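Asks: Protein chains in written order, with the UniProt record's numbering: chain A, 1 to 275; chain B, 1 to 436; chain C, 1 to 310.
Incorrect hints may appear among the rest.
Some chain C residues close to chain B (C-beta under 10 Å, calculated; not the full set) [stated by the list, open to error]:
1. Val-46
2. Ser-49
3. Arg-58
4. Glu-76
5. Arg-112
6. Phe-140
7. Leu-143
8. Lys-155
9. Asp-274
FYI, nobody ran anything at the bench for these hints, they're computed from the structure.
Please read these numbers as outputs of a predicted model, since none were measured by experiment.
No residue lacks a Cβ here, since even glycine has one placed at the ideal position from N, Cα and C.
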Amino acid sequence: MKNSKLATTLLLLGAAYCLLPVVWVLIASSKSAGELFSTFTLAPGTHLLDNLGDLSGYRDGLYWRWMANTALYAGVGAAVSTLLSAMSGYALAKFDFPGKGLVFNVILAGVLVPGVILAIPQYLLLSGIGLTNTYWAVLLPSFISPYGIYLARIFAAAAVPSEILEASRIDGAGDWRTFARVVLPMMRTGLVTVFLFQFVAIWNNFMLPYIMLGDDKLYPLTVGLNGLLNQGASQPSMYTVVVTGALVSIVPLIALFLTLQRYWQVDLAAGGVKA
Amino acid sequence: MKKTLAPLLASLTAAALFTTTACSGSDDKADSAGGGEKVALTYWSWAPNMDKVVEGWNSTHPDIHVTVNKQDGGDPAVTKLLTAIKAGSGAPDVMQAEYQKIPTLISADALADISSQAGSLKDKFPAAAWNSVTLGGDALYGVPQDSGPLMFFYRSDVFEKNGLQAPKTWDDYAAAAEKIHKTNPKQYLGTFSAADAGLFVGLAQQAGASWWGVQGDSWTVDVNDAATQKVAGYWGGLVEKGVIDNKPMYTPEWNAALNDGSQVGWVSAVWAPGVLEGSAKETKGKWKAASMPQWDAASPATGNWGGSATSVTSQSKHPKEAAEFIAWLNSDPAALKLLAGTANVYPAANDATSVLTTPPAFFAGQSDFYTIAAEAGKQARPFTYGPNVNVAYSAFNDAFGKAAESKKASAFTESLATIQKATVDDMKNSGFTVAG
Amino acid sequence: MSLTTTRRSIRRAGVPYAFLAPGLLLFTLFLAAPIGYAGYLSLRKVKVSGLGLGSKSRTEVWAGLSNYARSMTDPEWLPSVYRILGYGLIVVPAMLGLALLMALLLDANRTRPALSGFARISIFLPYAVPAVVASLLWGFLYLPRVSPFGYALGKLGIGTPELLSSSWVLYAVANVAVWGGTGFNMIVLYTALKSVPTSLYESARIDGASELAIAWRIKIPIVLPSLIMTFVFSMIATLQVFAEPMTLKPLSNTISFTWTPLMKVYRDAFVRNDIHSAAATSVVIALATFLLSFGFLKLVGRRAFDQEDS
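Hey, can you work out the whole structure from these sequences and the hints?
Replies: Rendered as structure tokens:
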């Protein structure tokens with residue numbers, strides 16, 4: 001009994017620690033610019049709707065355009081990336097072929113490369129084909145996720161029994177047909193996880209769109225908010241817009257977490273998703 | 001599986017459509033390359049409401065359409081421009097460029113020489129501003145847009161309470177800072193901000209420094225000269241005594257301090273009212289603007305903080321039209337009115353005095369605001385920027401950040417040698433000829 | 001007949017390559033090529049002549065290894081390396097310790113779905129917050145004048161600690177990373193725990209083992225492979241720490257442009273516009289990351305990366 005009390009307290013403490021900044025931003029976004037820094041910062045204000053209005057009004061609703069852009073980048077990028085990861089992961093998990101080890105190690109190495117390092121060379125290469133400052137500049141590099149391939153390989157290895165593939169082949173089904181009809185459905189749970197990871201990664205990505213895009217109508221939320229923050233430094237009245245924007249920007253992801261909770265379970269080591 | 005693929009395909013198609021429209025938008029520019037047709041120009045700027053100023057051009061010039069792409073600020077815009085120059089494409093036609101970045105941009109071959117297209121603009125601008133866009137040569141790399149002569153802003157109510165007057169000299173300033181902090185230990189007359197190299201350079205400029213210079217075919221670098229030493233030692237002394245704060249400006253903390261009356265003065269520039277309007281809202285009406293405190297009251301001088309020109313980039317396919325636009329933007333009376341009124345900038349053009357008649361809203365009670373500003377504008381000392389200002393400025397941030405944290409005057413003056421070395425090493429490594 | 005079999009087996013041999021092709025193509029274009037290009041750039045430099053102001057006064061030339069030499073001898077380089085080592089010593093144990101503790105607590109509270117559900121979602125929530133936004137939020141909470149803690153402590157008459165001063169700043173940055181990373185690692189470890197059949201504990205419980213002993217002797221060994229993987233990924237993240245200190249930098253005097261190695265890359269590339277030095281430093285960081293992560297995995301027996309069909 002004593003144990004369980006301690007356990008409850010610790011869990012709630014952990015939750016409180018994680019919720020604290022989120023609660024702060026919720027409260028802060030309900031304050032007017034004047035109140036933001038001058039009143040006790042955990043006492044809520046009454047200006048949430050005004051702030052949302054200001055946010056929407058900022059340059060004719062540019063913020064919502066950023067939101068739509070982000071959804072496009074994350075949605076399309078993650079969807080394509082998931083399909084490619086599934087194909088690659090399946091090939092790596094279920095086939096033996098010369099060069100397999102090399103391919104896998106190279107992809108694994110790709111997991112380790114930070115985005116800051118890639119941004120400028122990617123920009124120089126994409127500008128060579130005239131794609132910078134377009135949606136493609138952000139989408140194309142998002143299509144490939146070494147981490148997604150790594151995860152998909154684990155899922156394919158764990159969720160697709162070789163006997164079933166064999167049976168499908170004996171039935172005379174082609175390889176693509178087998179992949180689409182047998183493999184993908186079996187990997188479905190795992191692929192949703194891959195999708196979610198990539199979705200969050202693109203949603204939160206900053207460096208790539210920051211360097212690729214010049215036109216702020218193409219910005220995702222992270223880059224747009226960063227710009228607002230820079231302006232906040234010299235126009236402090238912008239801070240409430242920044243804070244409200246930060247709050248609104250995490251709402252869709254929180255909704256995604258809550259609705260797809262059961263997919264957020266990933267075993268990095270033993271393989272597979274237990275849903 | 002069909003169920004999963006269908007929405008995927010749908011979104012892919014949507015993306016393709018989306019992008020095609022996005023692409024065709026930028027295609028217009030290429031199509032219009034031929035003569036006689038409508039020309040489309042892109043313009044990178046971070047000044048607020050610049051799109052509204054440009055509407056004034058677009059409505060009267062149907063053949064040359066300018067689109068403003070809002071930038072995050074001076075540094076990110078330069079970074080993006082230089083990356084685009086390096087890549088060979090992606091730069092705008094027209095670009096807002098801070099004065100201190102112009103040598104860097106010229107050195108990267110990012111700016112077009114528009115001397116043959118700009119006509120006779122020279123007489124419309126103060127000599128110092130004009131010098132920033134010509135570097136003293138025959139080429140013209142832009143048209144001055146705004147300037148930022150240093151001024152001093154203070155809480156007149158606090159000064160009155162302490163029996164103080166606006167400081168005429170830096171000694172007065174130091175005495176006032178001490179008195180104010182002694183009376184109320186929570187109050188400071190200012191802060192030394194290691195994050196704002198631009199302000200420090202303005203102060204060094206006022207004292208007579210010029211960090212770079214050209215001697216024949218080689219550069220000179222003079223960060224650690226007597227004038228800059230004097231300025232660094234002065235501020236280091238105030239920080240060491242604890243009579244001014246040592247935290248950076250432009251943080252939420254600093255904004256709050258201006259608003260709640262803990263920061264009661266600001267050495268800044270003519271554009272300060274726009275900032276104070278936002279950060280010190282609740283103290284409106286209590287502030288006053290004054291000329292800068294002086295080292296030598298007999299020969300008043302000042303420096304600059306901020307200010308920028310508008311330039312045509314070397315990638316523009318329409319330099320002639322672009323030059324026409326920037327000449328209008330920065331010298332046409334209608335445009336100056338829009339710049340001052342809508343974009344809140346202090347235009348560099350001589351004619352600006354005619355459009356700046358009423359003081360800024362935050363200083364509504366001070367009718368001589370722009371008289372003081374104009375006076376300050378005339379007293380700016382000459383200062384030459386070099387081709388690696390960002391190297392010197394980032395070295396300043398790091399070295400003075402440490403010094404400010406240590407609160408030792410000696411650390412302030414010693415920092416200058418570090419900056420000097422970083423700047424010279426970088427120039428030599430790139431192959432610039434550096435004297436000395 | 002035999003002809004078709006051969007043909008079929010040849011076609012079959014091509015199958016894995018066909019599945020890999022699109023992924024590999026994009027990998028080559030957007031990862032391998034940029035990395036190779038960075039390697040190339042690191043061996044080049046821009047050479048200016050004279051004042052460098054005339055058009056065409058700069059040319060790109062081979063630099064040999066001089067960019068590397070300059071990067072590695074920069075007086076700020078070693079301090080930044082030591083700094084992230086110290087940072088890693090704070091972040092990795094704190095984050096993984098906390099994640100493990102929370103995962104064990106969640107597992108022990110499986111019978112109370114309301115509590116464990118709430119805790120799980122709350123602790124995972126920071127994962128949804130981009131590092132830039134997270135640092136911004138914590139930045140507000142750190143600054144004494146705008147922080148609710150500063151206010152509360154001030155009311156209590158206690159001085160407000162300067163969390164961004166030189167003695168605390170490392171912990172302040174580490175806290176943002178711990179806050180953002182604990183939830184993800186907790187989920188990984190919790191998933192591993194859930195895969196253990198409860199019958200395994202039951203017998204131990206019947207034998208009178210305490211919950212603590214069960215956790216220590218049964219549960220932790222079971223999640224060890226997952227723990228190793230989270231350790232590797234956390235270590236990589238530590239070496240690449242960037243967004244948090246970069247966002248907090250303007251708020252304080254104590255975070256320099258070269259505070260971490262990746263910040264130096266950013267400074268060289270984006271502030272100093274010297275992409276060649278930046279590329280050289282990038283290559284060094286990437287190599288160090290490879291060596292450390294593969295070396296570590298080799299050390300622990302390549303448990304995780306090497307697993308085949310299970």
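Asks: Would you pick out the hints that fail for this structure and give their numbers low to high?
Replies: Of the numbered hints given earlier, those the structure breaks are 5 and 8, listed in rising order.
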